[in-house]
Each structure stands twice: as structure tokens, then as C-alpha cells.
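Protein chains in written order, with my numbering: chain A, 30 to 322; chain B, 9 to 646; chain C, 6 to 234.
Keep in mind that the hints were calculated from the coordinates and are not lab data.
Some clues are possibly wrong.
Stated by the list, open to error - As a list, the in silico DMTMM-like pairs of lysine to aspartate or glutamate whose alpha-carbon atoms are at most 25 angstroms apart:
1) B:K55 - C:D76
2) A:K311 - C:D147
3) B:K509 - A:D126
4) B:K516 - A:D126
5) C:K198 - B:D155
6) B:K587 - A:E123
7) B:K516 - A:E123
8) B:K55 - C:D78
9) B:K509 - A:E123
10) A:K304 - C:D76
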Amino acid sequence: MSAAAAPGGTGAGFGEPRHGARIAVAWAILTVIAVPLVIWVAGPHIPPYSGHSTQSSDQHTVNVVLLTAAVPVIALIWVYFGYAISVFRQRGPEIVDGPPLTADPRIQITWLVVTSVMVLALAVYGTIGLYNDSHGAGGGQGPNPLSTPPAGSTPLQVQVIGQQWLWTFRYPGYGGVETATLEIPANRWVAFHVTSLDVDHSFWAYELGVKADAIPGSDNVAYVKATNTGQFQVRCAELCGLWHGHMNSYGRVVNAGAFSSWIAARQQQYSAITKTLPPYSKVYYPDPIRRAG
Amino acid sequence: MEAHATLTSPGTIENRSLRGQVLGFNLIWGVVGGIVGYIVGHWIGTKIGNNIAAQSGSDQDDVAIFLGMLVGTFGFLGGLGFFAYPLQRMRGLPATLREREEIGRWRYFRLCTDHKVVGIQYLVAVLFFFFVAGFNAMMIRGELTSDNATVINSGNYLTLVGLHGTMMLMMMSAGVLGPLGNYLVPLMIGARRMAFPRIEALTLWLTVLAGVVLLSAIALGGFPTGWTGYAPLSDQARGGIDAYLFSFALIGISLALVGINVMTTVVTMRAPGMTWNRIPIFVWGLTTTSILAVLAAPVLAAAIIMAALDRTADTSFFLSSQGGSPFLWNNLFWFFGHPEVYILALPGFGIVLEILPVFARKPLWGYRLAVAGMFGVALLSFMVWQHHLFVSGINANLRPFYMFTTELISVPTGLIFLNAMGTLWKARIRFTVPMLFSLAFFFNFLIGGISGVFLSDVPSDVTTHGSYFVMAHFHYTIMGGLVFALMAGLYYWLPKITGLKMSERLGKLHFWTMFVFFNTTFFPLFAAGLLGMPRRVSSYNPSLHTLNVFVSVSAFCLGASMLILLVNMVWSLILKREKEVANPWEALSLEWQLPSPVPVYNFEEIPVINSGPYDYGVPDRVPIADLEPTVTGTEVGT
Amino acid sequence: MKVLEVHPEMRVPGRRIFGVGLVSVVAVALAAAYVFGFLFGGTPAAVSAVHQNGGAHLTLQTVPSYGHAPDPDWVSYLAQDSSGHWQHTTVYRVPAHTLVTVTLYQYDSATGLRNDFLGQVRGTQGGTATLNGKTYSSINPDDASHTFTVPDLGISVPLPGVADDAKNPCATAPCSLAETHNTITFSFMSPGKGTYRWQCFVPCAFASYFGNGGPMQTIGWMSGEIEVV
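Pulled out of the complex, with its shape left as it was, chain A reads as follows:
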């Protein structure tokens, strides 16, 4: 990067300070100070906080890595611009031309190569993070996900149904019971099947690091493994009409035993209404599309 830090650096005149070297040193010092600060001081405070689920922990790590990688870039631009506007300024009212430097192919090629390599590294890192580390990173992957939980795990199937303006949840493994609140067991893979009965919504379980758009006629699958018990927010992250901002609720991660008794209680409470529900399906097309009258 230091070569790129001094475009036209070869044109230094006699008696002039070595601007390029100064900038490089300032950049190196700033980077060396800032990187550990970002990793160890700011890092733990960068959301989403780790500990709620495998996915949010991975997202947290990704954010810290990206921010750390950004530090040298930000430092270079700030140091360079700061140096330029304080040293290369015209003092006094007269207008004086600077040296007519137009371009230096070596700097241009270096810059292109360095930025291209950084981009390639970012893309590889992101792809690995998406497919390997966190099994889809908590994002909606459509009906046929490519990154799935590790072999041998049997994810709990939970259908998330968005409608204007309420989230409800169906548990196909428990007689297709539908509930108004979301509870999932800790330390077990959960497969959210997100769909909508009307317009586009987006299911965002913030602390779990899960986000999947709820599209009518689409079964959008997202995987998560909660690692701690506790409450999490459920929000709608796609504009869906009047009460979009109010389409919130809270879900809970509980241990396996508490989940069993909770779901049993819901099955009992909603036994009457469960009988009238449509059979469990990946997508629903409730009639009528327009109210007939």
C-alpha cells in the first residue's frame, strides 16, 4: 500500500521533504495503533452480539474482520487527504500552478492490483462464511437450500407465517399447531420455513441473526442454532403497509424440556382451532385474492 500512498512520488524536488515517506510512516503508525483497538476494544461491542446463536456469533466475527480489514484503507485515505490539505495548500492570495503531473503507470497498476486482490479476498471470505462456517449464515435461502445443518442433526421445523400485520408460527412436527408466539429449544438446529399470506414481509429474529423474506407463494428456509436461552425480538424488515413498524413480537429460546411442555400446552390450548386450520403446507394461497363480497 505504501507505493500507492505516494502517486507521483518520484517527482520530489530538491530540498523538499519526502512526503511519500512521511505519509507511509503516519499510515503505518495509525494502522498499527488502530487495528488492535478495533479488534480488542471496539470489537466486542460490535453487534450482533455473539452468544445468542451460532449464526449471530459468526456474523459478529465477520463484522469485526471486515472492520479490521477496513482500518488500513480508511487510515490511508484519511492520512493522505489530511496530509495533502495541510501541507499542499496555497498560502496567500496569489494563484500558483502545481507541478503538471498527469499519471504514473506503476502507481496505477499497483493500485489496481492491490484493490483487486483485496476484493477477491473479500469475496472468497464471504463465500466461505456463507457456505461453510454458519450453514447459510441465518439468511433465507429459498426452498432448496444449498448450505444445510451438519449431517445427522434433525432440525426442528418451524413455519413462520407473515400476514398484514402479524407473525404466526406453525410446528408441523406437533400436529401442525399454530401459535401466536415463537419458542424454540436451545442447542438444536431449527429450520424456519418463512412464507406469507399476502404481501412481502421479512422475518427478522434480531438476536438470533436470522433474516428471511416472507414472500407469498414461496418457502424461504433459514437455519439457526440458538446457543443460549433468553428472549429475542421478532421484527418485520420489509415494508408491508400500515402497521409495518408495529409488526413486532418477542420470541424465546428455552431448554429442551421447557420447550416440550410449552408446545404441549399450546397443542391443548389450541386443539379446537387447530382442527379448522388448512393442512400444513409449504405455501398457502388463501382465497379469495380479492374479497368477493
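Starting from the structure of chain A, add chains B and C where the hints point.
Structure of chains B and C alone, referenced to chain A:
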């Protein structure tokens, strides 16, 4: 320069009587024509609409609204006189290139094909709607001082969000191309006019009409979709969405036409000697923008026709249960929408790279690389649109591809930073108001770009997608980027456009307040997004209340800062009116070699260009152009 | 340059100052009207619950079509104020931590639920409501005409509709007790202070997609707020 006064095209420069002015085609008749057209179209629409099942019993007649707007558009254009020339030609009258290019202030209120008049009309219109849209933003921030939609109710709030977003996007996509593009492109390449003067006037009036039609959404019940207009929510919404769709279609048509006009002008109308590598970088920025506009805007128009058909003719393009798909709108919209983001960004690149050499007193460093960077951005911008749909479940396995192309855009964008850094190297920087805005552009755009890397990374995007992080990101690129560049451009070129001095003290006050409050407004919103606040909500988690109140206060200060611009313009250009010299910045590019304000036909003779526009510090520099060449084979007066 | 002069110097500065002042005043007035419209437009005045026997009482009705401008065909809720007049509002004011009893006259016929789960009564006292005096805890989803649902409080009551071929259907608001209706009552404990949105979950908006446009997305018709004070 007295000779310019005699340079007239027969019969066009005249000073008509007031009566003649009022009775001829003008804006008044345009408004009348628009209103009458709307009423007629609406009446026909109710007759047709009553026979369509989808319309009955909903107290809403979309057929009538659309027809009213369509006929109203023709009424408006007719009242302005757009049909006079075609009718004259049908009667066999001779062809002309110019209409209503006369003197006096009446020409600003009518169809006029002088690119400088159109530029000023555009500037006034765009600034007007910019302030209306900004005012909406103030009201949005006012609502968000409460965490539960208690200041403005949820329905009104969504209408404000939609109006703010749509109007800003509509007006800012024309914000540089329209005013500065129309005004400056012919001056910078040594032409007397744009390639298609009537189309140039048409795009202006379509833009004005689009702004008014969009505002009419308030009277039609508002619309809940934001600027993205996602279907099937748009299928379901009240009549206000018709105004959104219609106005966006007008802007789409206008943008495509502006693009064709600018591209054709740059390709065909350059003065002798204005070779491709002497074109000012600002013109390159507008050329690449135009390519995007021509290729992207028709897709928007097509998508809008589908949405309008869904609403009126009961088609089901976007209804999954009837064979359509909501993904269709998402894809078409973002196929337009992402290039649209660069329609906003590229003119900004052009402005700042144009201004930096002037105040650094150095040639633009890496001119070819800058042009290549702009073309690279333009090309890549068509390959990234599904990064807006990373968690939607569509083509989930293409996400690594879109992640890669999105991150790849940072390479050509990075070149713009390299150009700036090279230009500043050993420069003789003067901190004028335009220069301050240009430097701030790089500060803001850096933050916008770095935050974009987080959004492009799919695992990180799962949390930030659809949150205030996105909102902060694109305000850093569009407001921190384009609007700062536009401000730089205004302070830089207004003395040329008006021939008057802008107050530097007010300018600097405007800059510093805008820079500080812009950052205090939008930087905390990255945190709001990361902490779980979705976009476009009127109600949020109470734990974010303090943060939002702080942002709201900052935003009000930012709004006040924008008023300083207004005060400066009113004070300097209307009240004080202190004459400015022709070339106050001592810039070398062609437009500054002309007198201020620029004469009606720009150049007495088509100039012959001798050098590039950035020869600062070049020994034995020649003047950029010979303004009175002895030999000219170019026809005068066209 | 005389012919092309754009900025004549012959103007009286006073005229310009006056012009700028006039435009500024007009602009400020327009801006104020704009703000005023968005602050207060579209939010109907609240109706307060009536205090009675230590509890609060809300009396509501649903009408199949409002019958008056600007949207005569829209379905709507109405509320009775303390003097017994029917108000066209969906903003209710109730005291905090109080038993709120709602009496609802249901004049509309059935549409059926979009999400059948909302046929369950939830969050009321005893988890039940009464229909013409008979207690119920869930209904056949196809019989639902509207619901009264406050999602943040977990309250949801499905409201069975009157028969499609009712003899004396209500045509315009306000409906009178002489017209065919169902009487539904339920009660709930109000929470602490705050504003809570409520809405109907039956896709009852005529001719709009998913039955959720028009009145369903407009406060004052099928959506509203409960202000707990």
C-alpha cells in the same frame, strides 16, 4: 464581445408585448391544459372503469385516475406548446431547430429550447422538489422522536417516507444531468446547443410534471410502499400509488430521453479539436450516466406498466396465486434500481474530479483511468442487482456471484479516489467553497463505500439488510456523495450561469454546518441498524429512543443548514447582485473562457480546441481554444 | 450585450425585497399547512371509555358500508361516545390497569379469515367472549366477519357475522339496534400507559387485493389505536 448581440437566428429573438406573452403558449396554459385534461380523462375513465370488475365497490377508480393523468399530461404539454411545431410541420412550414429563444424573464415560464434556459429551469425545479423532499425528511425525523407513531400516525408516516424517497430519487437522478448537464455540456465541448433541443425541453417539463403528480398522491390517499413500490403491496394500495407509478414512469421516460440527448450531443457535436481525450471529466461522468439512464430507465417503465395493468385491468403479473410472482417486480425494479444508484453517483464523480484540478492547480491525475473507472462502474452496475435480494430466497445459490460483482465495483470506484489523491499530490490547494464540498465528498463517500462492503458480504448482510444500516449507507453515498458534489457544482458554476458573485461567508457557513450535521445525523444510524432497527418503521424498540432523538435533532440542524444555501442564493442572486468576473476561479476549461452570463448562442464562431482542459502548470501552455478561428466550415445559427 | 442583457440593473431594490418577503411568507404558510395536514389529518378524535361500576366500558359497532362521503362503500368500525352518539373513529382512550368491557354490535355478514388461527379467542378475561349471551372460545373461521385484535397485548376476538340473507340489513352508518346484528361482549385488563395499535384480521376490504387495502389500511375504519392513559 459586442458582436454577440448581432448573432441572431431570424425571428427568434424578439421582445414581445406583455399581452402577446400571456396569450401565447406558456406555463399558465400548461397548467390549465393539465387540469382540463385530467378532468376529461377522469370522466372517460369512470365510464370505462365501471365495466371492470376490479373497480366496482372499492370507492377507487384506478382506470379513471390513470386516464386522467395521461390525458392531463398531454393537456399540460399542449398548453406549453409542444404540439405547435409538429402541427406547423404538417402544414408544410419550414423546419427549425429552436423555439422561443428570446430574451426577458418570460422565457423561463414557457417552452424554450435554449439549453441554458432549460438548465436554469431545471435547476429551479430540482431545487424546489429537493427542498420539498427534504422537508418530508424533517417530518419523518419529527415522528421518530417518538418510539410509537404518536406524533404522526402510521399511515401518514408511510406516505411521508414514500414521498421523501421517491421525490429525492426522481429529482436527484435528474439533479445533475438536468441543470448542470444541459447548461454545461454544450459549453464544455464547444457546441451551440444540445443535439435535440425540443427533447431537452420536453424532459424538463416531464420532470416538473412528475414532481407535481407525485405530490398529488397526498390527495389520492397516500401510498404505503416507499420508493421501491414493492408488489403486491402496490397492487393493494389506495389511489396514491397510481400517482407514484405515473410520476415514476414520467421520470423514466424523461431520464431515457435526457440520456439519449446527452450521449448524442457528446458524440456528434464536439467542436473541432475536442478529441475524446480532451473531453472534460465532468462530461465523461454525464456520458456514462446517460448510458445507464438509457439502458435502465426503460426497464422501470416496463415494470410500471405491469403494475398499472395489475391495478386497472386485473392482470396478475405480481400475484403468486394466479401465476405471477412478486419476485418479478423485485427483479425488474432493482435491475433499474441499482444502475439508478450509479445514475446518482457518477455525476458526482464527474463534478468533484472536474473541480479538484482547478483548485489544486494541477492537471487531473490519471485522466484515462478516471474515464475507465466510470465505464467500469457503469458496466458493473448492471450485474449486481440481486444484492438487494440476498435474503429473499430468490436464486440463493447465485449469492456468491452477486457478492463478488458487488465487491468488484469498489475497484473502479477506488480509481476515483486514486485520481483525487494523485491530483492533490504536491498541489497548491485553495480552499474555496466548491473545493471544500469536493473534499468532503471523499470523506463521506469513503464511509459510504466501506459500509457497502459490509452489506455486500452475505453473512454480514443478514443482519444489516433492510435495517437502518442500509439507510445510513445509501445516504452516505447519495447525500454525502451526490448532494455534496451537487453543492460543489452549484457554488462552482453559479457565477458562470448567473454572472453574479455568491457570498463566500454564507457558503462556508453552509459547508461547515452541512458537513458536521450530515455526519452527526447519519453516522449514528449505522448503529441504529446494527442494533436492530428496521427501515421505514414508525415505531421502534424503546431502547433506541435516545439515539433517535439525537439523530432527529441533528437532522433538524442539517435542514437548517440547507436553508443557508437558500438564503445565500436569495441574497447573492436576487438581492445583492454583485457582478462576477468571467473567470473568477481562473479555470482553464472551455466554459470559463466565455463571458458571464453566456450569450444566447454561446460561441460566435465554433471554436477550435487546442488542448485539454487541465493543463495547469504545463510549461508553454496554449489557450484551450481559439474562440475566433479564421476558418470555419460550420454553419452559423444552428 | 444590450439585447442579451439578462439582469437589468434598473430594478428598484425595494420591489425585490418586497417580492422575496412575499414569497417567503407564502412558502412558510404552505409549509405550515403541510405540516398541520400530516400531523392531524387522518387521525380521528379519540372516544373515551365510559366509567361504570369500577370498570371502563367501550361500545362499538361494525357497519358493512359506511354510506357517506368520501368512501361510502367502505366497511368500518364506529364507537359510541359518553353522550351516546356514534362517532366515526377507531381511536379509543381507556384507563390503565382497569377491566375494560367491550360491547360490540356486529352488523356485517361473514367474509372468512385469511389465517384461520385467528378464529381463536385469546387474551380476554377467561379466554372467552359472548355471542348474543352465549360464551365462545373459538369460531368456525368461515363465520368470521371481523376480528378485534390487539397484537401487542395478545388480545384477539373473532366476531361472527350475521347471516348473508338477513331480513333487515344495515345500509348506512350508524346502524340502529332495530337492524339485524350480533351482540358480542368481552372484557380485558388494560395494561400500563402507552399506545397500542389494534386492527381487524378478516380480509374485509371490498375489492382490494387480499382484502387488506382501503379501510383495512386506513386508521378510522378497520385499524386504530388504543390509548391507555
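Do the hints match the structure? See the list:
1. This hinted pair checks out: B:K55 and C:D76 have alpha carbons roughly 19 angstroms apart, not beyond 25 angstroms.
2. Using a Cα cut-off of 25 angstroms, the hinted pair A:K311 and C:D147 holds, with the two alpha carbons roughly 22 angstroms apart.
3. Between B:K509 and A:D126, the direct Cα distance comes to roughly 24 angstroms. Compliance with the 25 angstroms bound is thereby established for this hinted pair.
4. Distance hint between B:K516 and A:D126 is fulfilled; the C-alpha atoms sit about 24 angstroms from each other, no more than 25 angstroms.
5. Proposed proximity of C:K198 and B:D155 is supported: the alpha carbons are some 14 angstroms apart, at most 25 angstroms.
6. Under the criterion of a C-alpha separation no larger than 25 angstroms, the hint pairing B:K587 with A:E123 is consistent with the structure, at around 21 angstroms.
7. Of the pairs offered as hints, the one joining B:K516 and A:E123 holds, with about 20 angstroms between alpha carbons and a cut-off of 25 angstroms not exceeded.
8. Straight-line distance between C-alpha atoms of B:K55 and C:D78 comes to about 19 angstroms, which keeps the hinted pair within the 25 angstroms bound.
9. The suggested pairing of B:K509 with A:E123 holds, with an alpha-carbon distance near 19 angstroms, which does not exceed 25 angstroms.
10. Note on A:K304 and C:D76: the hinted pairing is violated, with a Cα-Cα distance of about 38 angstroms set against a maximum of 25 angstroms.
Taken one by one, the earlier hints fail for this structure only at number 10.
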